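A.B. asks: Residue numbers (numbering that gives the first Met the number 0): 0 to 154.
No lab work stands behind these hints: they were computed from the structure.
Check each hint, because a few of them may be wrong.
Computed Cβ-Cβ distance ranges for the label pairs, DEER-style [what the hints assert, rightly or not]:
hint	residue 1	residue 2	range
1	P103	G142	12 to 20 Å
2	D150	G50	40 to 48 Å
3	Q56	K152	43 to 51 Å
4	Q140	P103	43 to 51 Å
This one's a predicted model, so the numbers in the text were calculated from it and none came from an experiment.
Note that beta-carbon positions come from the ideal geometry of N, C-alpha and C, so glycine has one too.
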Amino acid sequence: MIRRPTFLIAVLWIAAWLTACIPATPFFTPRPEPTRQAPLPAEPPAPLQPGATIQFQKLSIEQGLSQSVVTAIAQDRTGFLWLGTADGLNRYDGYNFTIYRYDPKDSASLSDSWVTALLADDDGSLWVGTRQGGLNRYDPQTGEFTRYQNDPKID
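Given the sequences, and given the hints that come with them, work out the whole structure.
C.D. replies: What follows is the structure, given as structure tokens:
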């Protein structure tokens, strides 16, 4: 039978030996610090032309996107980039995001915040398909949405 002081000394000696022999490695891998992105260009991007070569920077919630999953993308004739998410319609001007969401108190807002489809029309309008709110038309002159919803009573 080992006496307590001898047992304690043996445990401490083994712990010291293991500490000295085993290389110091962390139990987890630290995450690298995010790199700062270069500032955005001074002018909004020009509309895309067929066959054009484009440069694209990563846009995320850190830059102001309402959600990290984008379900639809369109660019209007003025150069705005429109991104649809499950948490609203995001307009990107090359610097900042403006987010449009459903507001039950505002009949000129989106009919549903979950955007599923986008189409930039030749007249400057943006057509927005939503998950449960039907179709919306954004008028850039007024900044308001017109709602087009299905009425199941009409055949």
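A.B. asks: Confirm or reject each hint.
C.D. replies: Going through the hints against the structure:
1. P103 / G142: 12 to 20 Å: Distance hint for P103, G142 holds at roughly 19 Å.
2. D150 / G50: 40 to 48 Å: holds, 43 Å
3. Q56 / K152: 43 to 51 Å: holds, 48 Å
4. Q140 / P103: 43 to 51 Å: 25 Å Cβ-Cβ, so the 43 to 51 Å window is violated.
Hint compliance for this structure: hint 4 alone is broken.
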